[in-house]
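Residue numbers (the numbering used here), protein chains in the order written: chain A, 344 to 661; chain B, 344 to 661; chain C, 344 to 661; chain D, 344 to 661.
Calculated directly from the structure, the hints in this document are not laboratory data. Just to be clear, a hint being listed does not mean it is correct.
In this list, chains with the same sequence are indistinguishable; a pair is considered to hold if it fits within one copy or across any two.
What the hints assert, rightly or not - Calculated cross-link-like contacts (lysine to aspartate or glutamate; reagent style EDC-like; alpha-carbon spacing at most 20 Å):
1) 508 to 579
2) 508 to 387
3) 508 to 385
4 protein chains.
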Amino acid sequence: MHNNTVTPVAVLGASGYVGRELIGLLDEHPDVGVAFATSQTERDVLGHRSVPLEAADGRWSDVGMVFSCLPHGVSAPVVERARVAGARVIDLSSDLRLSDRAVYGLTEVARPALPEAAVVANPGCYPTAALIALLPFARAGLIDTTRPIVINAASGVSGAGRSPKRELLFAEVAEDFRAYGVGNVHRHLPEITGHLTPLTGPADIVFTPHLLPVRRGILSTVHVPVMEPLEREAGERVLLDAYAGEPCIRVIRGGIPSLRDVVYRNRVALGVTPVQHVSRPMLTVVSAIDNLVKGAAGQAIQNMNVMLRLPETQGLLC
Amino acid sequence: MHNNTVTPVAVLGASGYVGRELIGLLDEHPDVGVAFATSQTERDVLGHRSVPLEAADGRWSDVGMVFSCLPHGVSAPVVERARVAGARVIDLSSDLRLSDRAVYGLTEVARPALPEAAVVANPGCYPTAALIALLPFARAGLIDTTRPIVINAASGVSGAGRSPKRELLFAEVAEDFRAYGVGNVHRHLPEITGHLTPLTGPADIVFTPHLLPVRRGILSTVHVPVMEPLEREAGERVLLDAYAGEPCIRVIRGGIPSLRDVVYRNRVALGVTPVQHVSRPMLTVVSAIDNLVKGAAGQAIQNMNVMLRLPETQGLLC
Amino acid sequence: MHNNTVTPVAVLGASGYVGRELIGLLDEHPDVGVAFATSQTERDVLGHRSVPLEAADGRWSDVGMVFSCLPHGVSAPVVERARVAGARVIDLSSDLRLSDRAVYGLTEVARPALPEAAVVANPGCYPTAALIALLPFARAGLIDTTRPIVINAASGVSGAGRSPKRELLFAEVAEDFRAYGVGNVHRHLPEITGHLTPLTGPADIVFTPHLLPVRRGILSTVHVPVMEPLEREAGERVLLDAYAGEPCIRVIRGGIPSLRDVVYRNRVALGVTPVQHVSRPMLTVVSAIDNLVKGAAGQAIQNMNVMLRLPETQGLLC
Amino acid sequence: MHNNTVTPVAVLGASGYVGRELIGLLDEHPDVGVAFATSQTERDVLGHRSVPLEAADGRWSDVGMVFSCLPHGVSAPVVERARVAGARVIDLSSDLRLSDRAVYGLTEVARPALPEAAVVANPGCYPTAALIALLPFARAGLIDTTRPIVINAASGVSGAGRSPKRELLFAEVAEDFRAYGVGNVHRHLPEITGHLTPLTGPADIVFTPHLLPVRRGILSTVHVPVMEPLEREAGERVLLDAYAGEPCIRVIRGGIPSLRDVVYRNRVALGVTPVQHVSRPMLTVVSAIDNLVKGAAGQAIQNMNVMLRLPETQGLLC
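Excised from the complex, chain A in its bound form:
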């Protein structure tokens, strides 16, 4: 079924939830094929026999794209070795997301730079949901930075990884709901700030993640102080104009998205509404993604498609 122009790709660190999601998507993609996958812990990943990471070093020239799902801290030096050996790399760790050495791969923003990029830093799941909600208002100069932007987000448990930890057991998580990283100490905050404040100028941003008893999905409820009152339609117009023609972004007019609208899809769903009963104008923007798809593996494939000049949504359900 694959034609003879299938591009071989490599997946490093394939046995976590992101790696497995990526393998699954790549297996359905008509234009690429997994040449090899590495894992330190599992011999077989969804039918692909894995090799140790060390075995990858002799094989960079065999593949047209390398995906690194290695842990934060471990990934950067491996990405560098692959790059030096001539490979193109999409790094799904956080190592390069604030670095000049990589293109920040929020596809809808990065698109022009991707075809020539050697290394792409795939965005974090929380920042993807938050930035897609905020960037249009920032670019339009509508955000009032004298008041804080408050981002409350909740993620499914797959976002916490596949390593066995007591606090992630079913009997601990089910019927519970908790905030974590409260007080702006989550490592995703700098990624949000770093890509937003160049547009808004200095701004107070409060980001609070929560752990949700679902398997996948992120819902971000983003409260945005604005310079002037905007009706719902005007707020929607800002989003619609910013994302006109975008295949992976859906603005829900007159509504608010939930996880149901996005799971298993490479999609950001957005809704916006003005806040009533306040003396100074604010909007609430709700943004939903699947943390494993548009928040990780799906966006990586979307980036790969642009880098390889394939149709952008090839192999993806948007």
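Given chain A, put chains B, C and D in place with the hints provided.
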């Protein structure tokens, strides 16, 4: 096991989740007994044969306390009839929560007024969680009202009632998470504002509830702009001082509560932390309750205990 | 992307869980298109404007296939009207599953009869899981009918339909598990018996369904008394031989399937193991399907593909 | 509130789910107090500072009862040391459940032997549910052992323990359902057989446990071949007669129990119905317990109460 001073009580509208929780708690309470319960839809509520609401009108003088779990709008006139007939009433509907005709029964605030009260309006579940978090900072004059107070709250599905609705089916709610009443249109906002702003002066409050795929519990993540920087210990001190000796409030020092800490208990668990990386000081206070207990039936019993001069936590697990 | 030989199809009763799953699958299918959908309750089903059922009667000749997801009892007369008007029909109700007027559409059995069939009765979800597990052993003459065949099955909540019922509310189903139809009173029993005992002769079959707090999936644990001892490999060999080349059936050698192996797929996963510590030989066969896919909408499309002489798994993920 | 005859008790291996449930129940019990608890992994168990297991050896004479929640294999030698030192012991591990050295503590059966017992082996969770369902029919001589007894049981995840394992992560278990120990290889089978077949004579018993995506509870669906046809009422009469006056057993007349009826309670709920459409008579008995309460910690306290000649349900909600 019950002695001969057991007080007979009535429960109106007993077949919903709140009514049933109340019946269950009253059945375990050593000093009261359910004399009659009304329901329009169920003949038997947890072993109590129910009567139609109409049958209650001849029986007000038989009971030492009436609990109304009737729907909003339906409750107020029934409460009035009972009051006129000499009964004492705790109204769990929202009808009287902003009315001069009832004591607002947030027990920790209302305690002095309860022993003489004829009618008590039991607080809503969301307002209980939010007000217990905010009132100490408001009373201490610490809240900076030039910036908005942002309350993000998530409730278990029992908070939406027991009437069959498609959007509350298991197959709709499981693995989903959604915001509702976005933009300050939820009917609980005036209850929060009405009991907070007398202490703070006019303030912008943004309240956004969410529907959580759990059966019970509310977690409120409350972002509070403050006049001056407070370390974690100073924030905790404000809460500890305000709630010293309170049997149903737990301040978690150095931590943040989750639903696990409060379900099936008549308890508010609180944690507070300063927000880092902002130019003007803020605190995040997290408040957890069981929506059916401290958020409804349990607080009603706590109020009854004070009204009847019984030990305040009699029959309650705090 | 669709070519000009797209076959128009109709979906009757499109707004339940099965109807919606079917619409979703048909929308992704390259060779067919939804010409019209009917619903009494929803104006729009996943982007398709619906018409009342009455409007269908003038349109039977417009479509190359009619899918009826109408309720049991309602479906049969409509199917008959469509058939008389010349339409081919796949009936997803239970009305015709034991009738001579339709081909019983367990695809793996019915395949030869499908290309010429006018009306196909799509099997029930529980019978699909049970029969696929049992038929190979029945055909091989291995089942000992002097002892009962015991089928314990558990289904996700979508199997109970999308009509609002109190007992299907999230707050009722979550953290619960219950048996229903205990004592062989479930309406699916005759469908299992009717298609099994022609092969085995009279047999005692005990079928007990359970309601599982998950959204989709059926797991059937089937205990089969056998005439002679079979090792695991021999039991697997019976299944492998029976289903050699079947694209939608997976025999898990040396293992036992779970819901995770089948949800969102048009697949039956099977495992078998001999029962130890018994004096007379038995096998336990475990069978897993997605109740909405291979148990309903997916199998309907698999049947349609064969009826229309399309590739059997076109538009399906197996 | 505690009087001066409080009995000090010890809990060994307190940090698992069973140990913690036990600590929680003991803390609410009016007649006993936790003198010490041991844990190798946690310094604090629900407010009790723990000591290493080694420290227990000098303290056996300090306590009136020792509860061992130690792992299988580890428990027996410690229990023996405690016994030799004169302590009375309730062993919640499986080590002594088939041993002459301990009374098998299914309270409803063991009651006469408990007051003088030195060592009690607390039954396993699955055997408790199965034996309470089967023993009355076995004692009445009603079971037809020429056909197999088939026990299908499903347990909440807390039954699998609190050690971090990948297969118990929320993201693995949620929305899944699986059989395990298929083919009579689960270690609980000999416990069921060993306590049942002395009454029935040799019998084929097929026991298949399943892992349920809930936190607590076991539902056992038990198919019992019987010597003669019994109507529902006759089957219920067997259970009612066997358990007349039992405070912790509820026979649901005309119904079938579910987990909802038993969680957080020290209760077995039972229902029975004849199987229709079979040529030889069978009953299906459904039995529900909370695996952590009547299946472990609650039954241990029930046993302790009898051993110490306290009211049998003291400190328990039945």
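Quick rundown of the hints versus the structure:
1. In the homo-oligomer, the alpha carbons of residue 508 and residue 579 never lie at most 20 Å apart, since the shortest distance is 41 Å inside one protomer and 29 Å across protomers.
2. In this assembly of identical chains, the alpha carbons of residue 508 and residue 387 lie at most 20 Å apart only when taken from different copies (19 Å versus 22 Å within one copy).
3. Proximity of residue 508 to residue 385 under the C-alpha cut-off of 20 Å is found in both arrangements, the shortest distances being 18 Å within a copy and 15 Å between copies.
Comparing the model with each earlier hint shows a violation of hint 1 alone; every other hint is respected.
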